Amino acid sequence: MHYLKEVLAARELLVNLTLREVRGKYKRTVFGQLWSLANPLALMVIYTLVFSLIFRIKPDPGSPSGLNVFALWLLCGLLPWTFFATVLTNGANALVANAGLIQKVAFSRIVLPLSLVGAAAYNWLFEMAVLVIALSIAGAFVLPWVPLVVLTMVVLAVFAAGFSLMLAVANVYFRDTQYFIALILQMAIYLAPIIYPVTLVSNASKDVGGLLGTPFTIEGIYQINPMVHFVGVFRALLYDNRFPNPIEWVICVGWALAAFVFGLLIFRANEKRLAEAL
Amino acid sequence: MSEVAVAVEDVSKSFRMYKERNQTIKSAIMRGRTSVHEDFWALKDVSFTVPVGSTFGLIGSNGSGKSTLLKCLANIYYPTRGTITHYGRLAAMLEVGSGFHSELSGRENIFLNGSILGMSKKEVTRKLDEIVDFSGVEQFIDQPVKNYSSGMYVRLGFAIAINVDPDILVVDEVLAVGDAEFQEKCFQKFRDFKAAGKTVILVSHAMETVEAMCDHAAWINKGTLMTSGEAAPTIAAYKQSYGHEA
Chain P
5 MHYLKEVLAA
15 RELLVNLTLR
25 EVRGKYKRTV
35 FGQLWSLANP
45 LALMVIYTLV
55 FSLIFRIKPD
65 PGSPSGLNVF
75 ALWLLCGLLP
85 WTFFATVLTN
95 GANALVANAG
105 LIQKVAFSRI
115 VLPLSLVGAA
125 AYNWLFEMAV
135 LVIALSIAGA
145 FVLPWVPLVV
155 LTMVVLAVFA
165 AGFSLMLAVA
175 NVYFRDTQYF
185 IALILQMAIY
195 LAPIIYPVTL
205 VSNASKDVGG
215 LLGTPFTIEG
225 IYQINPMVHF
235 VGVFRALLYD
245 NRFPNPIEWV
255 ICVGWALAAF
265 VFGLLIFRAN
275 EKRLAEAL
Chain G
3 MSEVAVAVED
13 VSKSFRMYKE
23 RNQTIKSAIM
33 RGRTSVHEDF
43 WALKDVSFTV
53 PVGSTFGLIG
63 SNGSGKSTLL
73 KCLANIYYPT
83 RGTITHYGRL
93 AAMLEVGSGF
103 HSELSGRENI
113 FLNGSILGMS
123 KKEVTRKLDE
133 IVDFSGVEQF
143 IDQPVKNYSS
153 GMYVRLGFAI
163 AINVDPDILV
173 VDEVLAVGDA
183 EFQEKCFQKF
193 RDFKAAGKTV
203 ILVSHAMETV
213 EAMCDHAAWI
223 NKGTLMTSGE
233 AAPTIAAYKQ
243 SYGHEA
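Chains as they are written, first to last, in the working numbering: chain P, 5 to 282; chain G, 3 to 248.
Isolated chain P (complex conformation) (with noise of 0.2 Å):
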């Protein structure tokens, strides 16, 4: 509890922290806030050429949204996975990148990592305000279920904020870490049904059955994966427009809190270490 006021009296200090990465990200750039954006549709672009011209993949249509365009139904997964790799890539980083601010001066150091997620969050409102504007005129019906959309961001965030307290520390006794995650991200978006739908990996699985004579499935280590269910959430709410599947839903929140809790008790343990170890 007494960690927690700590926090909280620090909490100027994080919107500080934020506004330091957002307003110094895109300074001195013509295009300026519209940069953010350059990526995740860059990814759309060659993702869609490849994965739904060439390679023919073809995701249902929203129901009951009634909507068909891959590129709209791959941003619907993508943005939210570009968000928690950039948390991780960055979070990664922030103590090891201010190392010259933690051996000066005292704060709570926590406002470091946790100042980066609310950095990539800003971003991820506005490209995500966009995917909305683009999904309402392509003639969904998206906007009722915008607040449950908020929350589902928010309990992404608070997942990616748990797994960037963690590896930050990592970082600092480890700098492989950085390297090494940047390696896992670029694996894992294969990992989760962003750019394939996921009944692809649910039929592959009845194809083969249980794996060595054993009950787990294909689909069931898959299912392991928590960005499978967030991305599943996100697309029902986005792109379908309807309620997302219940356990898929506490399933997200679950992760969110074990994330966030672990990561809060690492960060922690390890916190007035921190000067002494950069």
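Treat the hints with caution; some may be incorrect.
EDC-like mimics (lysine to aspartate or glutamate), calculated; alpha carbons at most 20 Å apart, straight line [what the hints assert, rightly or not]:
#1 G:K123 with P:E10
#2 P:K29 with G:D144
#3 G:K123 with P:D180
#4 G:K148 with P:E25
#5 G:K123 with P:E25
#6 P:K276 with G:D41
#7 P:K31 with G:E105
#8 P:K31 with G:D144
Here are the simulated distance ranges between beta carbons [what the hints assert, rightly or not]:
#9 P:V34 with G:E140: 28 to 34 Å
#10 P:I251 with G:E132: 56 to 62 Å
#11 P:D180 with G:R128: 56 to 62 Å
#12 G:E140 with P:A138: 42 to 48 Å
#13 G:D47 with P:D180: 35 to 41 Å
#14 G:E140 with P:L189: 43 to 49 Å
#15 G:Y80 with P:L189: 32 to 38 Å
#16 G:T85 with P:E223: 52 to 58 Å
#17 P:F55 with G:R128: 53 to 59 Å
#18 G:R18 with P:V34: 47 to 53 Å
#19 G:A208 with P:L155: 56 to 62 Å
#20 G:R18 with P:A138: 41 to 47 Å
Don't read these hints as lab results, they were simulated from the structure. None of the values given here were measured: they were computed from a predicted structure. Cβ coordinates follow ideal geometry from the N, Cα and C atoms, glycine included.
Knowing the structure of chain P, use the given hints to seat chain G on it.
Showing chain G alone in chain P's frame:
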């Protein structure tokens, strides 16, 4: 003796001295360890008290543990053993301009740096004029700080730090910044501090500074406290130890 502002009790601080340090996962897994180290005691059972309203000098030669003690006082390091208790709001000035973002303007950086140092937005807004005035960079306050000269940069940083307005101020040798005129302004600020009944703890190599400003002092040598108390005898003892200028 008068009231105590800071009480340092039996403080010891050890660091790990690494004979080899190989912080990679590879070495952690392959050899089951990342380093070979032995403990180095930078501070050994240091105890003293700083009276309220005093200007307290920490003196000692290079590598004596002054900076380690200062960082312990500033809550950046935590003592391995012993406790440091301070009564009242404590602010440390170990570096000026910490956390400045070079692309942001002087004004934006005042708010950013102020909150890093623990000031609320209201406080900074209230003191903004004073800070800008003290730093002497009014003309450039809306320019990005990367365009500042090093003197301007340091002056702005110092102006923010000095306006945190703590009960106890811990200062490293940042006094050696700016031109003579600005230094005089800084010293005046410290005197004002003292006049307001606040405590200043100062680390310096410049004996003239310590002699001119401090009324109490502690002399640390190789991690142990040699003597502490009134400034004049402490400084005299320190000077005698290295033999010249005595």
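Here is how each hint holds up against the structure:
no., hint, verdict
1, G:K123 with P:E10, "17 Å, holds"
2, P:K29 with G:D144, "18 Å, holds"
3, G:K123 with P:D180, "38 Å, violated"
4, G:K148 with P:E25, "16 Å, holds"
5, G:K123 with P:E25, "18 Å, holds"
6, P:K276 with G:D41, "18 Å, holds"
7, P:K31 with G:E105, "7 Å, holds"
8, P:K31 with G:D144, "14 Å, holds"
9, P:V34 with G:E140: 28 to 34 Å, "30 Å, holds"
10, P:I251 with G:E132: 56 to 62 Å, "59 Å, holds"
11, P:D180 with G:R128: 56 to 62 Å, "47 Å, violated"
12, G:E140 with P:A138: 42 to 48 Å, "47 Å, holds"
13, G:D47 with P:D180: 35 to 41 Å, "39 Å, holds"
14, G:E140 with P:L189: 43 to 49 Å, "47 Å, holds"
15, G:Y80 with P:L189: 32 to 38 Å, "34 Å, holds"
16, G:T85 with P:E223: 52 to 58 Å, "57 Å, holds"
17, P:F55 with G:R128: 53 to 59 Å, "57 Å, holds"
18, G:R18 with P:V34: 47 to 53 Å, "49 Å, holds"
19, G:A208 with P:L155: 56 to 62 Å, "59 Å, holds"
20, G:R18 with P:A138: 41 to 47 Å, "55 Å, violated"
When each numbered hint is compared with the structure, violations occur for hints 3, 11, 20.
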